[in-house]
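UniProt numbering applies: residue 1 is where the sequence shown begins, and numbers increase by one.
Hints are not guaranteed to be accurate.
Computed list of lysine-lysine pairs in PhoX-like fashion (alpha-carbon distance at most 20 Å, straight line) [said to hold, decoys possible]:
1. Lys7 x Lys30
2. Lys30 x Lys16
3. Lys69 x Lys30
Hints listed in this document are in silico derivations from the structure and should not be mistaken for laboratory results.
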Amino acid sequence: MKSPVVKRSIVVAGHKTSVSLEEAFWNGMKEISGLRNMTLSELVGEIDSNRQQGNLSSAIRLFVLDYFKSRAMAPQPDKVPAQ
Numbered sequence: 001m002k003s004p005v006v007k008r009s010i011v012v013a014g015h016k017t018s019v020s021l022e023e024a025f026w027n028g029m030k031e032i033s034g035l036r037n038m039t040l041s042e043l044v045g046e047i048d049s050n051r052q053q054g055n056l057s058s059a060i061r062l063f064v065l066d067y068f069k070s071r072a073m074a075p076q077p078d079k080v081p082a083q
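Just need the whole structure built from these sequences, with the hints factored in.
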């Protein structure tokens, strides 16, 4: 499955910047920001302020990967068999 890289402009902490991400990562960011009731710019600003090193695009990819990995690894409630 190939996801083309899409370059978008976004305002982070009051300044405009460009971020290049695969469409799947943009979609993941939109989902996460919606679940957190925040704008995409707010979420990117949070990621930007918490990153230790590397560029913003890499920090976003790692954030999205970690978010969905954590959700996948979360304990699932016991399923009750259908009667």
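Against which earlier hints does the structure fall short, listed by number upward?
-> Every hint satisfied by this model.
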